[in-house]
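Following the hints, put chain B in place on chain A, whose structure we already have.
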Amino acid sequence: MRDARRTRPILIILLLVAVALITLDFRDGGSSPAHTLGADVFGPVERVAGDVASPFIGFFHAVGSNDSAEIAALQRQNDQLRAELAQSQVSKADEAQLGKLLRLSGKDGYRVVTASVIAAGGDYADTVTINAGTRDGIAPNETVLNGDGLVGTVTAATATTATVQLATDAAATVGVRTADTGQIGALTGTGQTMAGSDDLQLRLFSSTAVLRPGEELVTFGSVGGRPYVPGVPVGQVLTVTSQPGSLTQTALVKPFADFTGLGVVGVVISR
Amino acid sequence: MTPVRKVIRVAAAPLFLVLAVVGQLVVINRAPLPGGGAPDLVLLVVTALAVTSGPMAGTLAGFAGGLALDIAPPGGHLAGEYALIFCLVGYACGRIMTAVEETTGERPAATALTVMAVGAAVGEAGKAALGRMVSDPSVTGQAIRHVLPGAVVYDVLLCAFVLWLVSAAVRRPAPERAPRPEFAQAYGVAAAFRLASAGAAPRLRLAGSTPPPVRPPARAEPKLRLSGVRSPALSRTHAASSLAQPALPGGRAVKLNFAGSGRGNPLDGASALPPGRSPGRGWLRGSRTAAAVAAPRRTSPGRGWLRAQPPRPAAATAPRRTSPGRGWLRAQPPRPAAVAAPRRTSPPKGWLRADRLMAASAPPRTSPGKGWLRPARTASAASSWRPKSPSRGWLRPARPAPAPRRASPRRGWLRPARPPKGNWYTRGPSGRWLRRGRRPWRSPRLLLSQLVGGRR
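Top line first, the protein sequences correspond to chains A and B.
If you're matching positions, the first sequence starts at 1 in our numbering and goes up one per residue.
If you're matching positions, the second sequence starts at 1001 in our numbering and goes up one per residue.
Just chain A, with the same shape it has in the complex (with noise of 0.2 Å):
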């Protein structure tokens, strides 16, 4: 009894400065000094124990994919090799547009970090912490893709890590176009909506345009490459719908990249 009220002023103190901290958090919109020294106090905490616990991870990737484990992997190459297609094609006909536009010449005006995913988020955010920071060159709005596709975007860097924010995340919004037909439209992540998949909701932005199932999107691109640099695969289209009250058609997107079992991702840094 005696310790009950000893604790409710100090229960008070805390209920109150946990609200200040929400409102500073809300008015910077999530990027508050108080994330800042969360990430340079737990960064290296995170980084040790990532690195001694990626290969229990892996063994549990290992374990979670089963007898069905062989049909993944060649599947994962199919999407590769589709994945290169798009690539090659969107280069092949975009190439001197873009390089234009954007003032890039394909892959010669990208350098690629690599670094590997030590942490993940809660439960309803979909965001990763890697193992490279502003050392290793790294700054915030910057592409995230790994050997399947486009993977995210950096949303705040530290000294040695950096958070992403993946494509999948409710809060993301890629914009894209197809490969062949150069529809563009937004690409939307579903977040913890749907139970064991990772679909993503395509909308695009032109009212005639006509969008069937198996087609492949690329990023349309962002100025100056950032968040978002020109020509990652994402994803293939699984279905359209189009809803009645819409104008413009909408569709569910299976992206390229496995963001349940993410390791090794390159970071996209413009020179």
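Everything labelled a hint here was simulated from the structure, so no lab data went into it.
These numbers were taken from a predicted model, which means no experiment stands behind them.
Built from N, CA and C at the ideal position, the CB exists for glycine as well.
Take the hints with a grain of salt, since some may be wrong.
Claimed, not checked - Far from chain A, some chain B residues (derived; all Cβ distances over 12 Å):
| no. | residue |
| --- | --- |
| 1 | Val1004 |
| 2 | Val1010 |
| 3 | Val1122 |
Claimed, not checked - With the C-beta cut set under 8 Å, the calculated list includes, among others, these residues of chain B facing chain A:
| no. | residue |
| --- | --- |
| 4 | Ala1012 |
| 5 | Leu1025 |
| 6 | Arg1030 |
| 7 | Phe1063 |
| 8 | Pro1073 |
| 9 | Gly1076 |
| 10 | Ala1079 |
| 11 | Glu1081 |
| 12 | Ala1083 |
| 13 | Tyr1091 |
| 14 | Val1134 |
| 15 | Val1139 |
| 16 | Thr1140 |
| 17 | Val1147 |
| 18 | Val1152 |
Only chain B this time, still in chain A's reference frame:
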């Protein structure tokens, strides 16, 4: 407590929190778990610390752990969200556990687990609710429906493990306990007696229920009356005994031996007293004479239908016979006559007593409402042997507080069948509880204590 142990206790909580935060971010969130959600190690550690160490530790651990989870790199939500929720959950868990301990005097592991599981579930729900409140784009209704059940299930599954780990590290030394009373043998005897009389429950009646109809006495009542016959129970007894045994010529009262077989029953007239009619005096007491159960006493046939009483020397039994009305199923050690003798002059107690025998010498009954089912006890004579009585101690809750309540039949659970009418001069039941303090209903604790019984 060794110094190493002390260091472990002090450092355990921060260590557990840091380990939980890192493990959550590095391992749990990355592991491909089936189902929507993932367990929250930090929330589990916070609730476990609160349950084991109290509300203060729970509050501080909740704030620290939640804030660490908020600002550690991957983040994904506003700083302070989890600190707020975990702080509240830690305080609530510790407070509930403290309240349970204050009420029952112990902290059972099952209760701790339950509090912890409920706290973890509430914490998960609180995280989702606060995410909605700050309009986090990731926290949609669909996402909550997808994530929350899995997270709660994982938390509940991991509760026992985390609680075991944390309590093993921060456990305080167990408080000194009284040695176990040596009633093991007597306990077995009492259980056997209870089994034997299973079908013959004594006539206990809840207060307020209507008493069975009392048949009017068929014959003239004996001349000798009790001085204080006001209780219906007593008058019934009177009538019944007059049915059973006619008064001896000369108006002399019959010496009643109540546990005997010739006793009348108020309900079926002159039939024998069924074994279940228990006089209020320790009819199921199994105490020290466990070995003597098998020796029913035949030398005094009027007493004890199934008494477990060892044959005693006549010097010891002689005074006993003049104090009837004590258990028909008594297993009580022989006491010296000096102890038993003053009981004779004690005011009448119990249901079926030879009150007429003592009517001449007994003091007037100042408390007419003494129950027929009361543990008869005189303050002076009982105090010497009361601790030996098994009705206190090994068959009762650890806290002996409710015991004095039974002394007053007005407030007990087992009241006399019809409470005595109080008038202005005698002690009436009217408004008595109101006099126990100013505005007792204002304090829930006081009100509860008055509803349950006397103030401790």
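Status of the hints after comparison with the structure:
1. Val1004: The claim holds: B:Val1004 sits with its nearest Cβ about 25 Å from chain A, beyond 12 Å.
2. Val1010: 17 Å, holds
3. Val1122: Given a closest Cβ separation of 15 Å, the condition holds.
4. Ala1012: 18 Å, violated
5. Leu1025: 4 Å, holds
6. Arg1030: This hint holds: B:Arg1030 lies near chain A, its Cβ roughly 5 Å from the closest one there, short of 8 Å.
7. Phe1063: Holds, about 4 Å.
8. Pro1073: 4 Å, holds
9. Gly1076: 2 Å, holds
10. Ala1079: 4 Å, holds
11. Glu1081: 6 Å, holds
12. Ala1083: 4 Å, holds
13. Tyr1091: 5 Å, holds
14. Val1134: 6 Å, holds
15. Val1139: 5 Å, holds
16. Thr1140: 7 Å, holds
17. Val1147: 5 Å, holds
18. Val1152: Since chain A brings no Cβ nearer than about 11 Å to B:Val1152, farther than 8 Å, the hint is violated.
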